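Residue numbers (my numbering), protein chains in the order written: chain A, 1 to 87; chain B, 1 to 87.
These are computed hints drawn from the structure, not numbers from a lab.
There could be a bad hint or two in this list.
Identical chains blur together in the list; that is why a pair holds if it fits in one copy or across any two.
[As the list claims (entries may be wrong)] Straight line, CA to CA, 27 Å or less: simulated DSS-like cross-link-like pairs of lysine-lysine: (1) K53 to K20; (2) K20 to K35; (3) K86 to K20.
Treat the numbers as computed from the prediction; the structure is a model and nothing was measured.
There are 2 protein chains.
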Amino acid sequence: MALIDYLLGQNKKNSAKQAKDRLQILLAHERSQAKAPVYLAKMRDEILAVIAKYVDIDDENLQISIDEDNGFEVLELNLILPESRKH
Amino acid sequence: MALIDYLLGQNKKNSAKQAKDRLQILLAHERSQAKAPVYLAKMRDEILAVIAKYVDIDDENLQISIDEDNGFEVLELNLILPESRKH
């Protein structure tokens, strides 16, 4: 399955010892609409706030990218998850 | 980019008229660990609660699957997003 291969493929680039739980979020917005619905930005921010409650987010474990392709703007968030929640 | 192609590919299966904003969440847990960290389930449930605040979730707009591959259990959630938030 392409999506899982991609997700796990990112993992294979590291050594087996570095295998980690991961969270990936993609938010795709069709650009032909005048603008993204306001609720999308609010929902995204609230999702990130939930994640930040449990996980220390820093440059080492988080990658964010925004791509445009085929009429869509895609926000991609990749987070390496720790074995225990933050204190 | 494989991931975006996959996401948009799902869209291409529908007619152009049905192009919709989408949210996709993947949570990959390495199965070699004794069990998934407790916080992962809590975080997942809170993320779903945030989404449910904004979007009516039903069988028509939500697909959830759990796959196992290469030592990982991957929860995949695909949601078609409405143009406006629920009332």
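Outcome of the hint check:
no., hint, verdict
1, K53 to K20, "within (19 Å within a copy, 30 Å between copies)"
2, K20 to K35, "between (36 Å within a copy, 13 Å between copies)"
3, K86 to K20, "within (16 Å within a copy, 36 Å between copies)"
Every hint from the earlier list agrees with this structure, and none is contradicted.
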